[in-house]
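S.K.: If you read the protein sequences in the order shown, they are chains G and D. Letter by letter, the first sequence follows residues 169 to 577 of my numbering. Letter by letter, the second sequence follows residues 31 to 550 of my numbering.
By construction, these hints were calculated from the structure, which means they are not laboratory data. Honestly, I wouldn't trust all of these hints.
In silico DSSO-like pairs for lysine-lysine, Cα to Cα no more than 30 Å straight-line [said to hold, decoys possible]:
| id | chain 1 | residue 1 | chain 2 | residue 2 |
| --- | --- | --- | --- | --- |
| 1 | G | 302 | G | 328 |
| 2 | D | 288 | G | 491 |
| 3 | G | 491 | G | 522 |
| 4 | G | 491 | G | 328 |
| 5 | D | 288 | D | 331 |
| 6 | D | 398 | D | 445 |
| 7 | G | 444 | D | 398 |
| 8 | G | 302 | G | 262 |
| 9 | G | 302 | D | 288 |
Chain residues, written in single-letter form:
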Amino acid sequence: MIEADSKTAHEYPGAAGPRGREVRSDCWIGVEPTASGGFELEVSSTVEPYYGLAIRELVLEGAAKLGLEHARIRVEDGGAYPFALMARLEAAVKRTGHSIGGAWMPEQHPDARTSSARDRRRRSRLYLPGDQPKLFVNAGLHRPDGVILDLEDSVAPSDKDAARVVVRNALHAVDFMGAERMVRINQGELGLEDLRELVPHGGVHLVLLPKVEDPEEVRTVDRLLSELGDEQIALMPILESARGVLAAQAIAAASGRNVALTIGLEDYTADLGIAKTDAGSESLWARSMVVHAARAAGLQAIDSVYSDFADEVGLLASVREAKSIGFEGKGCIHPRQIAVVHDGFAPEAIEVEKACRIVRAFRAAEAEGRGVVSLGTKMIDPPVVKRALATVALAIDCGQLARDWEETE
Amino acid sequence: MTITAELARNAVGRDVPLEINGREGVPFRGVGQYRPDGAKHGPPIRSCADYPASGDKRVASLREALERCGLRDGMTIGTHHHFRNGDLVANEVFDAAAQLGARDVRWFPSASFPCHEPMVGHMESGVIHHIEGSLNGPLGDYASRGKMRGMAVLRSHGGRWQAIQDGEVKVDIAVIAAPTADCFGNATGDRGPSACGLLGFALADSMYADHVIVVTDNLVPFPCLPWQIQGNNVDFVVEVERVGVPEKIVSGTTVVTKSPDRLLIAEYAARFVRDSGILRDGFSFQSGAGGTSLAFGIYLKEMMLEAGVTASFVRGGSNQYLVEMLEEGLTPYILDGQTFDLDGVRSMRENAGHQNTSPFTSYNYHGKGNFASLVDACILGATEVDLDFNANVVTHTDGRLLHGIGGWQNCLTAKCTILAVPSFRNRIPVVLDRVTTVCGPGELVDVVVTERGVSINPRRPDLIEAMRGSDVPLIEIQDLKREVERICGGPPQRAATGDRVVAAIQWVDGTTIDCVRQVS
Numbered sequence: 169m170i171e172a173d174s175k176t177a178h179e180y181p182g183a184a185g186p187r188g189r190e191v192r193s194d195c196w197i198g199v200e201p202t203a204s205g206g207f208e209l210e211v212s213s214t215v216e217p218y219y220g221l222a223i224r225e226l227v228l229e230g231a232a233k234l235g236l237e238h239a240r241i242r243v244e245d246g247g248a249y250p251f252a253l254m255a256r257l258e259a260a261v262k263r264t265g266h267s268i269g270g271a272w273m274p275e276q277h278p279d280a281r282t283s284s285a286r287d288r289r290r291r292s293r294l295y296l297p298g299d300q301p302k303l304f305v306n307a308g309l310h311r312p313d314g315v316i317l318d319l320e321d322s323v324a325p326s327d328k329d330a331a332r333v334v335v336r337n338a339l340h341a342v343d344f345m346g347a348e349r350m351v352r353i354n355q356g357e358l359g360l361e362d363l364r365e366l367v368p369h370g371g372v373h374l375v376l377l378p379k380v381e382d383p384e385e386v387r388t389v390d391r392l393l394s395e396l397g398d399e400q401i402a403l404m405p406i407l408e409s410a411r412g413v414l415a416a417q418a419i420a421a422a423s424g425r426n427v428a429l430t431i432g433l434e435d436y437t438a439d440l441g442i443a444k445t446d447a448g449s450e451s452l453w454a455r456s457m458v459v460h461a462a463r464a465a466g467l468q469a470i471d472s473v474y475s476d477f478a479d480e481v482g483l484l485a486s487v488r489e490a491k492s493i494g495f496e497g498k499g500c501i502h503p504r505q506i507a508v509v510h511d512g513f514a515p516e517a518i519e520v521e522k523a524c525r526i527v528r529a530f531r532a533a534e535a536e537g538r539g540v541v542s543l544g545t546k547m548i549d550p551p552v553v554k555r556a557l558a559t560v561a562l563a564i565d566c567g568q569l570a571r572d573w574e575e576t577e
Numbered sequence: 031m032t033i034t035a036e037l038a039r040n041a042v043g044r045d046v047p048l049e050i051n052g053r054e055g056v057p058f059r060g061v062g063q064y065r066p067d068g069a070k071h072g073p074p075i076r077s078c079a080d081y082p083a084s085g086d087k088r089v090a091s092l093r094e095a096l097e098r099c100g101l102r103d104g105m106t107i108g109t110h111h112h113f114r115n116g117d118l119v120a121n122e123v124f125d126a127a128a129q130l131g132a133r134d135v136r137w138f139p140s141a142s143f144p145c146h147e148p149m150v151g152h153m154e155s156g157v158i159h160h161i162e163g164s165l166n167g168p169l170g171d172y173a174s175r176g177k178m179r180g181m182a183v184l185r186s187h188g189g190r191w192q193a194i195q196d197g198e199v200k201v202d203i204a205v206i207a208a209p210t211a212d213c214f215g216n217a218t219g220d221r222g223p224s225a226c227g228l229l230g231f232a233l234a235d236s237m238y239a240d241h242v243i244v245v246t247d248n249l250v251p252f253p254c255l256p257w258q259i260q261g262n263n264v265d266f267v268v269e270v271e272r273v274g275v276p277e278k279i280v281s282g283t284t285v286v287t288k289s290p291d292r293l294l295i296a297e298y299a300a301r302f303v304r305d306s307g308i309l310r311d312g313f314s315f316q317s318g319a320g321g322t323s324l325a326f327g328i329y330l331k332e333m334m335l336e337a338g339v340t341a342s343f344v345r346g347g348s349n350q351y352l353v354e355m356l357e358e359g360l361t362p363y364i365l366d367g368q369t370f371d372l373d374g375v376r377s378m379r380e381n382a383g384h385q386n387t388s389p390f391t392s393y394n395y396h397g398k399g400n401f402a403s404l405v406d407a408c409i410l411g412a413t414e415v416d417l418d419f420n421a422n423v424v425t426h427t428d429g430r431l432l433h434g435i436g437g438w439q440n441c442l443t444a445k446c447t448i449l450a451v452p453s454f455r456n457r458i459p460v461v462l463d464r465v466t467t468v469c470g471p472g473e474l475v476d477v478v479v480t481e482r483g484v485s486i487n488p489r490r491p492d493l494i495e496a497m498r499g500s501d502v503p504l505i506e507i508q509d510l511k512r513e514v515e516r517i518c519g520g521p522p523q524r525a526a527t528g529d530r531v532v533a534a535i536q537w538v539d540g541t542t543i544d545c546v547r548q549v550s
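So that you can see chain G by itself, here it is in the shape it has in the complex:
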């Protein structure tokens, strides 16, 4: 290994990542394949005293694994975590036009080997821009029900290829602390390319499909996932136009992988040429349509985002309104929104009380070996019991009910 002198002015045919003194927890890597001489590596890093050796070792390992033999490589690092550093190197190598020798993945997180239950809770989903790996490592701390690594609107067209590798590595390796691992892919062919990159490496629980207007778009994705050998990844189509909303019912029913249906209000109101207001009367019909289409197909109805993250009072009101018309979840654009959203979707005291009574009756029937649950003189249907169990579980998670409530009363 030769440590070269500064080549900041040098043009690298392949480069990826943000560059500059302000970069935190990310890095820029430039790669130039050469004809001979092995690897010439130059590293500058804010974590040089701590991980300088580890960075060099990782980059050299990666260069070899990715199929390079001779190259000049420059790393300008602001403390990128290994999964991000690996992604930047891979994207830079790909951008040289050099064909990739083989897969080079970070260590898999156990959650990336799981799939998620169809009816799991999806109250909050935290959007994370796909090319901002610095936001990933602590995203799970704020306990969202799901994290969405976004490859669509938050990634510039020129960075789609690089972000795809970052997101792939993150879904594979990052601990999102039990949050459902979601990705929003691009529209059309670009989105299918996203899936070809992501799916073989696991870690994707759910795919959000943007701007769906035709059920065929959902079926195309469904088929591709099956072709890629996956049977478990769930889908959540996003309706973002008049055409999409009018086709809601068909879209909801288009695939057995669909678990939820949601709406994107920014694009929807733009499509209608109207202003998006806080009161939201302009989108009430569309949102109700989404709720109905979802329910009719047995899916969860999930609301759009609340875009002023500093306004917690407005957010809470917006969540309560969403809940009142049938939504079960809300998008979050900032971690501090998550607790507020969960608060808004927490069951009312009276709901909890009723659910507790039903669960007690259900347990009593179980204990006595009775198949029929009754409360007083009323028979309780199995779907009602199921719903009561879910309400009780939610109340426990929201801190409204002690974990051992059944023993304490």
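Once you have looked at the hints, place chain D on chain G.
M.R.: For chain D alone, kept in the frame of chain G given last:
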């Protein structure tokens, strides 16, 4: 001058020098184990015969005052940091000393800030021999690279008082920047165009230094009231254009964090204080500067309102949020050691319950008690913490001196000491096997609150028991360290340091708890 000090292992297992700048160094023996005897230092007896009977002690310039104080090579000059990064006086003192041809002066600041970068030039030119006080930014770099001639000595605020009082550091000339003063030398910090709050850091110097100069930009007719500094201790008064920029006392560390992760740490810390039962009617707390500590105060206030309790007193660093608590009746008193913003300055002037304190009352370990140990919960920061709960505030893992100790060590004697820190920062681990520099022994650190949960020191089974049933996530510190290493990519390399000791870290009793070596 070479520094090849003989070393001895102290009670926290660190090898520390037995000689510090020609003085005997005592290795740390354990908390409360070192009991020096003897009498306190006494300044020379003075006579009114040598001071103007009119009480007018004014001289034309700082340079003249230094000259008349008999500034000589090798003397010690004390300055103080009540203007934090807005101090204008310390640099002027050494510019004047340079003009007078002084050399090898020991600078003894209560703290240094980035505004003191010009001192590097004075060290290069030989005016300053070395610094005993906190070393920030460029000064820390300079010392860490072994360029300073003597050994840096870092002391806490209480430790600085202790060192002066015990005669470990004899201050030849103290220069006190005063926002308001009279010609007799009475001075206060709570009013005037450069009001900064209080002058407590200068109090020891005013009592024990051979000579005392008061520098002010707001000379008022005698008497200057209140007199935080008594003119009877003052030799000369100098009028200047400006002593400091009060807006800059709000320097970086006094803005509430917006980071969701830091807010989470602050929230966990407040919930810990609540759920462990510390938050009850009549409790007391102190939270330092720093965005996380400020956010902690905001969360705690909400919880106090929710629980309907009030504090019996709160210790400052005062700021806008503590002042709100005082003015809204959530505490009757702020016992303030340092004002962190202009609301604090105003309140000190206007509110009878906002009491200015000094390192003597709050922190001095060689006194008959101090306030710090009366506090129920103290929230502090750190650059590193290890599996033994030892903590570091002066260096980072690369071994460079970056921060002063401030009141941090003194606050560790609170009934519950809580370090509120991220477990790593931009791939730099904070939780480690072993801290780079021990500033505080683990036996005094009760709780470490990070974004990944709360680690309670096993020496505090009472707190572990008290937290049973709380929904604040608890995590063993070993598990936390493993998690940090999993994210950051293994344990960090150890800093490559030379043998040369560039700084001694003093414990509150004047013993040496650790030392810092030259970095390459």
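S.K.: For the pair supplied as a hint, residue 444 of chain G and residue 398 of chain D, confirm whether the alpha-carbon distance does not exceed 30 Å.
M.R.: Given pair residue 444 of chain G, residue 398 of chain D is violated - Cα atoms ~67 Å apart, limit 30 Å.
S.K.: Straight-line Cα separation of residue 302 of chain G and residue 262 of chain G no greater than 30 Å?
M.R.: holds, 22 Å
S.K.: Hint check: residue 491 of chain G vs residue 328 of chain G, CA-CA at most 30 Å. Holds or violated?
M.R.: Violated, because 35 Å separates the two Cα atoms, which is more than 30 Å.
S.K.: Given the proposed pairing of residue 302 of chain G with residue 288 of chain D, does the C-alpha separation stay at or below 30 Å?
M.R.: Holds, at about 16 Å.
S.K.: Decide if the proposed pair is consistent with the structure: residue 302 of chain G and residue 328 of chain G, CA atoms, cutoff 30 Å inclusive.
M.R.: Within the cut-off at roughly 17 Å; holds.
S.K.: Next pair to validate is residue 288 of chain D with residue 331 of chain D; report whether the Cα-Cα distance is within 30 Å.
M.R.: holds, 18 Å
S.K.: Quick one, are residue 491 of chain G and residue 522 of chain G close enough, alpha carbons at most 30 Å?
M.R.: holds, 18 Å
S.K.: Regarding the pair residue 288 of chain D and residue 491 of chain G, is the alpha-carbon distance no greater than 30 Å?
M.R.: Holds - the C-alpha atoms of residue 491 of chain G and residue 288 of chain D are around 29 Å apart, at most 30 Å.
S.K.: Just to be careful, I want the Cα atoms of residue 398 of chain D and residue 445 of chain D compared with a cutoff of 30 Å; is the pair within it?
M.R.: Cα-Cα ~18 Å, so holds.
Going through the hint list in order, the structure does not satisfy hints 4 and 7.
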